[in-house]
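K.L.:
One line per chain: the protein sequences are A and B, in this order. Counting in numbering that gives the first Met the number 0, the first sequence runs from 0 upward without gaps. Counting in numbering that gives the first Met the number 0, the second sequence runs from 0 upward without gaps.
Since the hints were made in silico from the structure, they are not lab data. Among the hints, a few may not be true.
Distance windows between CB atoms, simulated [stated by the list, open to error]:
(1) A:41 to B:14: 29 to 39 Å
(2) B:84 to A:86: 33 to 43 Å
(3) B:86 to A:148: 47 to 57 Å
If you're wondering where the values come from, they're calculated on a predicted model, not measured in any experiment. Cβ coordinates follow ideal geometry from the N, Cα and C atoms, glycine included.
Below, each chain spelled out in residue letters.
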Amino acid sequence: MSEPIQRVKSPVRLEYTVSAGRALSRFLAALTEGRLLGGRCSSCRKVYVPLRSVCPTCAAPMCEEMTIADTGTVTTYCIVNVPFEGQTMKLPYVYASVLLDGADLPILHLIQMPAEEARMGLRVKAEWMPPEERRPTLESIRWFLPTGEADAPFDAYKEHL
Amino acid sequence: MKSGEQSKVLSAPYVLEYTYRRSVGPVVGRFFAALREGKILGGRTASGKVVVPPTEYDPETSDPVTELVEVGTSGVVTTWSWAAEPRAHQPLDRPFAWALVKLDGADTAMLHAVDAGDMAKMSTGMRVTARFATERSGNIRDIACFEPETGGRSAQ
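Just chain A, with the same shape it has in the complex (with noise of 0.2 Å):
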C-alpha cells in the first residue's frame, strides 16, 4: 500500500449574475458621467450615497436626489499590509472611511498618500479616471487624495462613523 493521501484540492466556486437593482443602477450610470448619486430619506432626512430606493432605517423612500460633491472627510481607516491576489495597489496602502460632503453615511475607497500620514478628519478629494475609462463601477474614481485643508474636527464627524 503506498503512502496515505494527506491533501486534496477542493475548490469552491459560486458563479453569479449580480443585479444592481434600479437605484443602484442608476448611482452606477453617473459614475460614467463623473457624478455620485445621493438621496434624501423622506422620514428621518439623512442622505445615503450611493442612492437607493429605501432607507435601511425607516423603510420610506427616498424624497429627493441630488449630485454629491466628490469632496468629504475620513472618518476611519485602515492600513493594508497583507498581500492578496488581485490586489493592485503597493503596500502600505490606505483604505478609508469617507464622509462626503453632504451625505449622512461614509463609502469606502483608496486614499492615496503615504500610509504613515493616514489619520481621522483627514480632507479628501476624489481622483476621477478619465471619462474614456469611466466604468458603471466606483472603480471610475482612481482613488482620493490629500486636499491639504486644515483637519476636520471630530464633532464635524462624529454622528457619522
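Chain A is already provided as a structure; the job is to place chain B on it using the hints.
P.N.:
Chain B alone, transformed into the frame defined by chain A:
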C-alpha cells in the same frame, strides 16, 4: 426586459472562489491512496459493519476506525437521481445519474455518478461497476464514474 425602466437595471457576473486544499486525515488518506491503485477500501466498525467510504470514527461507538478492508468495485444502486443538465466540473459532461451505490462487501452506500446514457436505463437495484480514471492522483475523481454492469454479455 419590457419597460424602459427595467432595461436600465445593470447586472454583472460575480465569481466567488476559494482555492482550498483540504487535509483529509489518516483514514480517508488511506482510502484515497487505495483509489489511486484502483482499489476501494471500507472501514470495519466495532459491530463488524463495513462503511464505505471509511469514516475516521465509528458512527455507532465513536471509537477511531483503524481496520480498513478492501471491498468490491461493483455494487448495487440503492437510490438515484437523474441529472439531465450536468453543470461545469461535475463528473460527466453528459446527462447522468447521481446514485448511492452499495459496493459488494459494504454495508453502506456511497454517492457517485452513474454513466447510464439514458434515464430509462436507471433502476434501483441495478448493478454497476466502477470505471477508474486513466490518470489517478488520490482523490474521489480517481473513480471517473460507475457504469451499468454488462453481466455475461460483452460490452458494446
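K.L.:
State for each hint whether it applies.
P.N.:
How the hints compare with the structure:
Hint check: residue 41 (chain A) to residue 14 (chain B), Cβ distance near 37 Å, so the stated range 29 to 39 Å holds. For the hinted restraint 33 to 43 Å between residue 84 (chain B) and residue 86 (chain A), the CB-CB distance of approximately 37 Å keeps it satisfied. For the pair residue 86 (chain B) and residue 148 (chain A), the beta carbons lie near 54 Å from each other, so the given range of 47 to 57 Å is met.
Hint check: no violations occur; every hint is consistent with the structure.
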